[in-house]
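Put the two chains together into one complex, using the hints given.
Taken in order, these protein sequences are the chains called A and B. All residue numbers for the first sequence refer to the working numbering, where the first residue is 1 and numbers rise by one. All residue numbers for the second sequence refer to the working numbering, where the first residue is 1 and numbers rise by one.
None of these hints come from the bench; they were simulated from the model. Each residue gets a CB set at the ideal place from its N, CA and C atoms; glycine is no exception. There may be inaccurate statements among the hints.
[As the list claims (entries may be wrong)] Quick list of the computed label-pair ranges, beta carbon to beta carbon:
1) A34/B - A235/A: 27 to 37 Å
2) F257/B - G400/A: 55 to 65 Å
3) A106/B - T185/A: 29 to 39 Å
4) I201/A - N423/B: 17 to 27 Å
5) I201/A - Q465/B: 28 to 38 Å
[Unchecked claim] Take a look, some chain A residues computed to stay more than 10 Å from chain B by CB distance:
6) E90
7) P103
8) S173
9) A207
10) G208
11) G271
12) R276
13) Q321
14) D340
15) W388
16) G390
17) S392
18) G394
19) P399
20) D407
21) P423
[Unchecked claim] With the C-beta cut set under 8 Å, the calculated list includes, among others, these residues of chain A facing chain B:
22) H175
23) L213
24) L233
25) P243
26) L244
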Amino acid sequence: MSEHHETPHPHDWCSCDGDGRVDRPAPEVPGLSRRHLLTGGLLGAIGWLASGRTLGQASFQIEPEHDHVLVNIFLRGGADGLNMVTPYGEDEYYRARPTLGMPAPTSREVSAEERLIRLDDRFGLHPAMGSLMPLYEDGSLALVHAVGSNDDSRSHFQAMEVMERGAQEVEDSAHDGWLARHLTTTPGREHPLRAIAFGNILPQSLAGATQGLAIRSLLDLAAPGDEAYFAQLEAMYGVGEEPLQRAGHEMLRVLKTLRGFNPDSVAPMRGADYPRNEFGQTLRQVAFLIRQGVGLEVACLDLGGWDTHVAQGRHQGGFAQRSRALADGLAAFVRDLGPDMRRVTVLVQSEFGRRMQENSGRGTDHGRGGVMFALGAAVAGGRVAANWPGLSAGALEGPGDLRVTTDYRSILRDVLAGPLANPRAAEVFPGAPTDTLGVIRA
Amino acid sequence: MRITRRQAIGALGGTALLTGAGCGRLTEFLPRAAAVHATPMPQDPAPALLNRFAFGPTAREILDVREKGVMEWLEAQMAAPQNDPPTVMFKLRRLDIFNLAPFELADLPARVLTGGRPLVVEQLNTAAIIRAVESPWQLRERMVDFWTNHFSIYGQKMRTFIRVPLYERDVIRPNVFGNFLDLLTAVAKSAAMLVYLDNNVSRRVQPNENFARELLELHTLGVDGGFTQQDVMEVARCFTGWTEETQRFRGQGRFRFVPAIHDRGAKTVLGHRIPAGGGIEDGLRVLEILAQHPNTARNLARKFATAFGGADDPVFVEKLAQTFTECGGDTRAMLRRLVKDGYWMDGPRVLKRPFDLLASAIRALDGQTDGQVNNRRGVQDYLVRMGQGVYEWPRPDGYPWAAEKWARSVLPRWHFAHALAHNEIPGTPIDLDRLGEADGTHSDRILERLFHVSADDPALSSVRQAIRQADRPDQFALALSSPAFQWR
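Just chain B, with the same shape it has in the complex (with noise of 0.2 Å):
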């Protein structure tokens, strides 16, 4: 049978989700609770934190690592369940995406012929903005964000979309924190990856060296990790065969191992040595001395820096890739070692990709929101403008760091702060009285809610003269589209 629905609707708890459903509205009445303002402290590491390991600080959050502890606040993070807290699960609960099963998602509408953005796709990106700015395990969000930016998959391609909701579910997230080779190992055994790169028609007499090439200059070593056009003729060769299984009764979706159209020759990868009358174990091999390489632990060394510590500093990254060898990969080690370093608290900044901007921004002023598109005036259609919806970027390396590469996302994020300031979101309410009555409302408050220093810091000087005459809604949007705001 193929992946069932039943299957595919354990994704957000069923049984509570089911028995939820009934009462679920009576959350939509209840008051919320009165904001709260979390005045600035002087070394506090708490903003930098939330910024770098979160997205983007609230208030509430603030005084909880204030109280918690820096470390304590990371632990309780990669301490946390693995489904969403019910207000979140509620929120997710009618998207197809949690209720169909893939192939059952095909049949939605795909609305290609406008050139427009299929409705899988679609939901992808409102649970993705939901989880972001609403979960309270702000870390193991962050962590999605990163690995599906790194085991990148464009969902357009080929209809791989409706493969990408037990992607996301099945193989990044239960594998956040865990141990490199087991999501590295997960990912190519996933149907999503397979499909994506092509590595399902990949056969003996034929093989296809896309994912193969991928798994090594991306996923693995990296583009300079020393690999050559020899070795990734050969690890197409052991994954020959991983392939997803099309037929319906035989589990239609999942993963499966073809021995018939396996390259059962000699292999030699790397120079490591792989004897024929191999099977699956092939493959396995090669995820084994690739997620021991050397090259491997600076390639994501690399990575963790730039997007946790701001910089791709070499002596930094060295400490880093000496950390993932020595604890095999673990990605709580590795988040331990960044977060104890402290190189995030005075480091170089990082630029706010416009994912981060949404999220961060609708956070700082204590906002919920839907998550969806809303005839172009949703949250959703700001995300897609600024350019970076999830699983939209159509190559295989992901959504580029780089500040210079996201220039052309200035305007559309003024139109996005505005619009949010304003309460012009459809969606995504904000109640600028209910932060006044929290802060206060003289000008500098605001500084202070979104910035968290002092509203007399030299770094905020340009932004402090800016806001000072405008009225109050102007002020909130004028500090959202600073340059400082673009930061974090």
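If we strip away everything but chain A, and leave its shape as in the complex, we get (with noise of 0.2 Å):
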């Protein structure tokens, strides 16, 4: 296994401890150093280069019955949907925020790439967020409003919790993952890479599944050892029909695969742009093992820094940025993948909306209703979805937060009843309200 220079990962998405302290930059990709690139890369480049194509296009097809990928991003911190996917006709949303308050798509005082977008009469998308536009056009992209869980403790901690369980509140009994309930509940479906999680541990998503696995990129999928321990192994799982012989032998055939695997040399297809980020190499890998065809069902990823309690900033700044690195990632994902997107779906949530007010740090505050993002073929999108509450005094929740009208577990059900086609998803989970709000086709 490579061994990538060990740094320890912040925990990024969380910028407070009750008081607030300015959000870090985008993290650099860890493992994309000259080291890398001298050592691997460059035998994995001459590789591809002899075979005369791109390891982008090598594609181990087994056409496994459900070949639909889930691909769950969360953003961590508390994104502030407010200024996402913006009410520019709601007075009192620009009352409530005079220095962050979004200017109207048909605001004349500034330029155009200070302005909202406009999604439609109600509704306003962050101008950062420009490249999604063309896939909310084409009517892929659903961007669901004042959705969120019963969870009211407004903590991190215990909201992402409820939100991985996929419970309603935290006293609910399951604690383990929503994932994992649903990985358990569709038995027959074995492949050693049929769940994997980018982070260093197993998410709660996926806790108590027994298929799923931690990497912290593409690099740790590989065997240890050398090209001679390589073919050891081979030769000790190549025969065998017992549940843990099948495993490494798939496991190796897939690591085959990838082996001489490095972020650089596979190209994206299509001309795919990623962004140079975590997030977006990120992407990249998981549109690469998507094409594969290595079984691939559920991939997590992170996206951290929306824990804006100062300094939030408007068209530029903290949250700009990273609702950009999320806009330019996804649109770089949907145009690597082509036609290949049609068996995927990508979920984007947080654990909680932001405070309508702004505080005094020109930033907001824990709140209540948040924004989701479905995307992909079996999404009807081109369209806000949203029970919306408005935003009179009445109408808030709490300390003055956006009211939840929108149960998330009702999304994540339909994904995994569509999709996903799993028989048993109202067992994952049990109690949630079955309607919806048509955001997954039937």
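Put into structure tokens, the structure is as follows:
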């Protein structure tokens, strides 16, 4: 296994401990160092040059019955839905956000890059997310608003935990992850790489899954030792039908596919240009894995830096930077996958939204209702889906937060039941409401 | 007064610990005895016995079993003294979980914001790993593993982990070889289990069924144990009032029965009538009924059979269930039956779950361990990547046994084996030269050390072939990675 330079991974989504701290800049991709390019990378590069085609095109199709992939992106820190998908028609919004209010799409006072992009008569998209507009316009992207759980603790940890457990509130009995329950209720799809989480540890959404590997990058998906060692592993696991033998054999087959992989040597397709940050590079790797047809069904990624208590900024600054990273990453991902996108659904969620009223640090505090994105062929997109409660004083919740009017679980359940073909999706979310916003096509 | 530090320190035999602490460092400088070689012998029960009833053979313990004989070894193991031996105690002495009271543990770093593991959970794993690898009382550690899986607790739920050290020390360990009803009662009265399964908030006006359900479905009768939803509700009523003391000056953290919130009405559980007016006796009666129920015997027999016998062959399970019933659920009797029966000698194989693999690999290489995490490279880091940290399974049903459920651990296993054999796990030193002095350096000796059969055994042919040309550390690494080593 290649040895990564060990940078302790800061929890870059949480910038508060009651007080605020300014967001840190987006981290660079670990491992894209000269050392890697000199050791593993060059070999990989020569390899694919000689074969006459890029690894990005190598595709070992195994055509499993269920080849749909869910890419679950968690925005850690409580992403401010109100400045991402902004209700520009509501006066209360502008009264509450004198410095943070995003100029309406029709505003003449500012340039195009400072004002919202019109989505419909009510909502506008943050200008830094312009690269999502083609996806919105072709109907593959739905923006869900005023969505969340029942947890009103406004605590990062607790709210995240509730969402990853697929629970309504913290007292719910199930403590395993919702994705774990999905995997458990759909036995018979045994692939060693059925679920992958990019990060240091398996997220709680996969807790209790017996299929799920946590890797920091695809460089971790390598056998230990050298080529001779690999050959001996293959020899030992080559024969036999028992579960562990099959798993070993399958894993080696996949590892062989990925051997020589280097983030730089995988050319994204169709000119897709991933942002040069960790999130973009991770998405590039997810796209690569999806194309390899290795039985991947669930990929989990995090994007942090959303806890914008201070100096959130409008069209510039930390929040805009994050939003741009998310949008550009997703746009590149869709472009890269091309027709393969028909078997992918991307879900973006966050543990809560943020307070409507801006605070004295020109930031926002923890709120309630937030946004979710659903992206893919199975999505009935091209709209902002919400039971919009409005922002009048009576409509707000608690200390002045956007009310939650849609239970996030109904969206997740629809993804499991529909594109992921789980007949027991309702069991994964006991008690979740049956009515939905119709975000996922039936 | 809440559970005091003094009482918590008692975990490791306080006095011995305090006096030992001063000259403790001495043992770190004493040279280790030379490694021992155990030549494989035909029809030798020792390796299989140690694979099933211990955490894998070591050469020394193979010789011990051969000398004593199987049944005497078993009896000696079941007569283990309560405390760990000094060498193990020495390693555990600095852990907070043995030095702080539960509510002091609550102040330790939780590290939960990074989605990381609480320090308490980490230390519970450190202790478990050290004991499994180094304790001479192997059967006891196996039984702790068995019972903590049967009465599984997820440490990360609502900070339940602060109660787990005392749960393991006072509830599980003293009862590992004892009577099932005693163990069941101790578990039902443990703050750890009551809090984990929400019984501490169960009261007459609003009973909570979580504990009652798991008591019936997991701890005793089993999923098809013949109980109804009505039974669950009635059992929940019986256990209202079983809770944890929360008042600081009244023994915070201990079991407390609160009559005021107990449902004193009449109840019917599994056809048994429990008259009105009862207090704590209601719950105790339920435990009695459950412990004596034939489906409980069958459920436990099946678990014993799977863990130790390798299969849940119905005939075998029925015999074990009979033993359970006849001897009143005595674990010693079950173990004697299991060992005597000999099923483990030539029955189906059992998959080594990651914890088994970890312990057996280090033991096979005559290694020692600090059980710690270490910047993603410590032995505990590998255990976590393979997916079996203790008290980290998020459901009350415990880690699964079936081989298919562990397929995802295959790549982390290979990484562990490679790192271990190359002496690249800080805190778990491996000295292959020392082994070479005892065994010789031919690759066949490696197979003998790890598998305790002759190297030309057909079952080892692919491993034998694979390691022939490799250099020495890789030979060990490949052998530990082989399919054959993943079974016990």
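May I ask which of the numbered hints given earlier this structure violates, with the numbers listed in increasing order? When the structure is compared with the hints, numbers 2, 8, 9 and 10 turn out to be violated.
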